[in-house]
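Starting from the structure of chain A, add chain B where the hints point.
Chains as they are written, first to last, in the numbering used here: chain A, 8 to 631; chain B, 8 to 631.
Accuracy of the hints is not assured; some may be wrong.
The list makes no distinction among identical chains, and a pair is therefore deemed to hold if it is satisfied within one copy or across any two copies.
Quick list of in silico lysine-lysine cross-link-like pairs, DSBU-like style, CA-CA up to 30 Å [stated by the list, open to error]:
hint: 1; residue 1: Lys586; residue 2: Lys101
hint: 2; residue 1: Lys535; residue 2: Lys432
hint: 3; residue 1: Lys228; residue 2: Lys427
hint: 4; residue 1: Lys279; residue 2: Lys150
Note that these hints are calculated values from the structure, not bench results.
Just so it is clear, the structure is predicted and the values come from calculations on it, not from any experiment.
Protein chains: 2
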Amino acid sequence: MNLSRPERYHLGLARAKKLRRLSDQHGWDDEDHSMAQYLCDDVSPYMVHYAMFITTIREQGDEQQRAYWTPKIEAGDVLGCYAQTELGHGSNVKGIECEARWDPEAHEFILHSPTLTASKWWNGTMGRTANHAIVVAQLLVPKTSNSSEYVNHGPHPFIAQIRDMKTHENLPGIAVGDIGPKYGYAPMDNGYMLFDHFRIPHSAMLSNYSRVDPNTCTYSKPANPAVVYGSLTYVRASIIMHARLIMARAVTIAVRYGCVRRQFQDRDSNDKQAPELSVLDYPTVQIRILPLLATAFALHYTGEAMQNLYKGTRAQIDKGDFSKLAVLHAQSSGLKSLCTELAANSIETCRRAMGGHGFGGGSGYIQLNNDYLSKPTVEGDNWMITQQTASYLIKRMAAAVAGKGKPLDGVDEVCREWLKSEHGKNIGPLNIFEDDWKIVQAFHRRSRYLTYQAYVEREVKKRSWNSLLLQLRKVSHAESQSILVTNFYKALHSPQSQMSPTLQGHLTTLFRLFAFYTMDAEARDFSKANAVSDADLDELPARIQQLMTDIRPHAVRLVDSWKVPDFLLDSALGRYDGKVYEDLFNRAHRLNPLNEITFNPHYKSDEIVMGKGSEALDKILAKL
Amino acid sequence: MNLSRPERYHLGLARAKKLRRLSDQHGWDDEDHSMAQYLCDDVSPYMVHYAMFITTIREQGDEQQRAYWTPKIEAGDVLGCYAQTELGHGSNVKGIECEARWDPEAHEFILHSPTLTASKWWNGTMGRTANHAIVVAQLLVPKTSNSSEYVNHGPHPFIAQIRDMKTHENLPGIAVGDIGPKYGYAPMDNGYMLFDHFRIPHSAMLSNYSRVDPNTCTYSKPANPAVVYGSLTYVRASIIMHARLIMARAVTIAVRYGCVRRQFQDRDSNDKQAPELSVLDYPTVQIRILPLLATAFALHYTGEAMQNLYKGTRAQIDKGDFSKLAVLHAQSSGLKSLCTELAANSIETCRRAMGGHGFGGGSGYIQLNNDYLSKPTVEGDNWMITQQTASYLIKRMAAAVAGKGKPLDGVDEVCREWLKSEHGKNIGPLNIFEDDWKIVQAFHRRSRYLTYQAYVEREVKKRSWNSLLLQLRKVSHAESQSILVTNFYKALHSPQSQMSPTLQGHLTTLFRLFAFYTMDAEARDFSKANAVSDADLDELPARIQQLMTDIRPHAVRLVDSWKVPDFLLDSALGRYDGKVYEDLFNRAHRLNPLNEITFNPHYKSDEIVMGKGSEALDKILAKL
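Bound conformation, chain A alone (with noise of 0.2 Å):
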């Protein structure tokens, strides 16, 4: 927290190639290396290049290509980045400008930024490290190879080296730099690059999908392009499991320092020399951190359902059957968005309710916050995503109403049901408190409730799909919460379940505290649903304070079974220990760079360290 951005870019470049030298040297596997690279805590420079460089080439390189990159990549000769995002288009993909013009003379593609917001952004390792670099452009062929007339293919991947091998300058025609500091991702020297005529070889274009014929200028494209959703859906299934342990680490900062740190005797009490009472005693902390470490969980069981769904329908997929993929899509999508948020504002809130602490640097919530704020919009910007999760149920909703054949999958099952049932009325509202699956059961009733409302708005009533977009981020958040909520339930039920009956009840007070914290926030809606009675609904915050209450004891021991190491929360408030104020003050004693220098504080000296004369006020104020 010391260092200056340019020397964190350094550290990052240094841990990783140290990382990947103890790889060589200890024969890790991938697991070690990501376990190792985990526990480092900060992005690393080569990030790009492990990921989304080396899988573009296996997944969308032809054979040739594979073989000819594959040993230079495992050499280290080769480090690549992933050249999509620009100035001006992210989400909108197909909105980039970027071109890849094909020279049918020359037999050669043209890259070129023809605009400023055509440069490239934001593409990680690509600042100062990659010498090159996976080139998504708009992919330009002539009609046929002697016609003037282009065609525009799409965005399609190209691979161009952009720096020397030797040197590591850029390339001519090519400009390529580090786009500045961030609110976190300290050590990634995110990029920008622009392209002036810059010619690539035919082989350049990855075409195991797509390719053009260098003597006919024919373009033949992907058989079916749905394949690209699957891995889509992956890395989102591992952003919830990501999310999870994000939470895991603020609420174990924030449930352990909550019991060392007390404040105020009880106002109530006439012990007057009673002890102040630990701040995790008070309702107006435990409502800020008690509902996330039950959120925590949630996310857990959401997060493992979620890999083996995807481990199943890539084994269908695999055969050609592709009947699972629409759900797991907009499943995967309504959940990145929610849990990512879930997950992103977890941290201010747990910090918030440390109190001043918390704003220090012995928190451990200050890169953990910097770094994660990302989330909520790389991977699909969150409220943009949530059209898709509403677009797939309200099309399962209008097939369900036109009720023809055979339900198309389980969701129009479901929405079939709730037709039958009369919107839920023939049955009444839910007895919540009677029995878990009960609750569960009103998440689903008011998901199918709000998603018949858009499809009647859309369909029905034709309404523009833009004038909808809160309504159906509304739909898709509460389709997500009954997931959420549903698996957390069905973890709990499992006949493989080997959990001991304390740990179990345990683990049901949370589950009931985050379904009605999650509930109460929004009780009109069941209430409209004809899920949960007016009354109970009034009944939830006294049973949420009682859950909190059944559950702070146990708090503690919850936090700790997650065994985050102090090595990676690096935080003095949340230290298994608990020897808080020891650490806060080792660090500033001991550790602050700062306190090794004394100043010059006085306004008419132009000295700012003492003996050092006004040099150093020169040199300074040069930087204003």
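Coordinates of chain B only, in the frame set by chain A:
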């Protein structure tokens, strides 16, 4: 953003000196100096010297002390800080552990920190800058001059020299330093300080209100301690005005960039050549930004009203009339909590609505957020101080229920009216879409309703205070929202207003947007309070969306009216001239020091910077 923490302090001190010298040179008054400091947009290491230190000497020092210290302060020889908060105690000032023990033989106070948690902590300007400190310590005085039994008279302020006036080194018996990096406030040297039986003279105790007779050990205490509340209230009124400025900056950037940035064509459009839509045309972006545009105006009018209330109350207090102090204190506590929360959250909400570039250094949100996030905690933690507002409201409701004699004040009066109307029941829900004044009344009625519920729980059912904390916070927020809505309404309908009808029209749209948006988030309470009908509450989302559509074309001019200079915004996204992408590119390509270095990215090489050999790596790995 490219500097390290130690460099940030260097720069901060250099800027502070420069500003002070400019002030001398040009004969700036306090307002000029504040404005220059504000435009500099970085906290000054001198800040606490100018604020708390000087004010405390002025208010708490007796005539002789003021005469002694003022010339030294004005000459800039004495540089002071304010050491109250400790490692283990912040909000609970009575619980601080640092002691000032009167030694009747030596006629000195002995400052001592008996535990680690007694260490002064967080105190600004103390870590590296100040040579003097106001030290708040428990005053321990012998029962009589020859008694060995000590009486604790509670926390009192003392002034102590802490560093050598020539060398600026710590004095013996004091451990003082900077606590290290934090979320924000990089140039501020928040400090820690421990005393080991450090002796200070009798004259060190600031004695305008309290004093210890050096011969008899008699302690005399202040006649009316309520005066202290006055300045706390002033600080809180300033916090609201400041919250408004923060929000104005966040919203200015978001509105401007929301217009420049385009994403996706209209899904329902048939024109395939249509330009992509400005993101501010999407309801999903509007709902995050436009209610904040409205909130910034709401905060403005209430900030203004609070300042006027403070001035009026202050004038009364100077005449010995303390009757309005309680309501002022209660209102300012609740408003501090609500308004700083709204402002702090607004920055991150706007940032996320900006897509990828919101995460970049050109957003203008990074330092704004990092610095402002201290506000929900300082000057009374936002969750804690809502108790003060609720406690006051419950007392007034109790008085109204008792109904004896004349009402104590305006709040007592409205409580009586509400009780007379049978809790609003005999007049039915208010027609909020017919008349804006009805909106204001609906907020009042909800606040009365929630106050009454809390009153019943506490005063009738005798429930414990701590078990009611969540409800109390709700009461406080409801009352604060009601104040915001009322002041906004009054400003628009003031007979003195010189607004054009057009402007009044737009501000009325914003008034409704703020009120309906706030109401929608807690709709059930308005229903339970019999303030708004369920049918009207159901209609709120559609009304809000329509109001946003209405104000959208005027959004840019409304934020431009605040005239936040580009110099202060320091945001590529929020530039007045809209040259967003040119500015982002300039920052990346020309102003980024990382691009001046060519690195050696190959993992087998120990070299980090190309051509510099392996020593660079050795140096950096030492920091791991």
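Evaluated hints:
1. Taking the shortest alpha-carbon separations for Lys586 and Lys101, only the inter-copy value of 24 Å comes in at or below 30 Å, while the best intra-copy value is 54 Å.
2. When the C-alpha separation of Lys535 and Lys432 is checked against a cutoff of 30 Å, the pair qualifies both within a copy, at 11 Å, and between copies, at 24 Å.
3. In the homo-oligomer, the alpha carbons of Lys228 and Lys427 never lie at most 30 Å apart, since the shortest distance is 44 Å inside one protomer and 77 Å across protomers.
4. For the homomeric pair Lys279 and Lys150, the shortest alpha-carbon distance between copies (21 Å) is at most 30 Å, but the shortest distance inside one copy (89 Å) is not.
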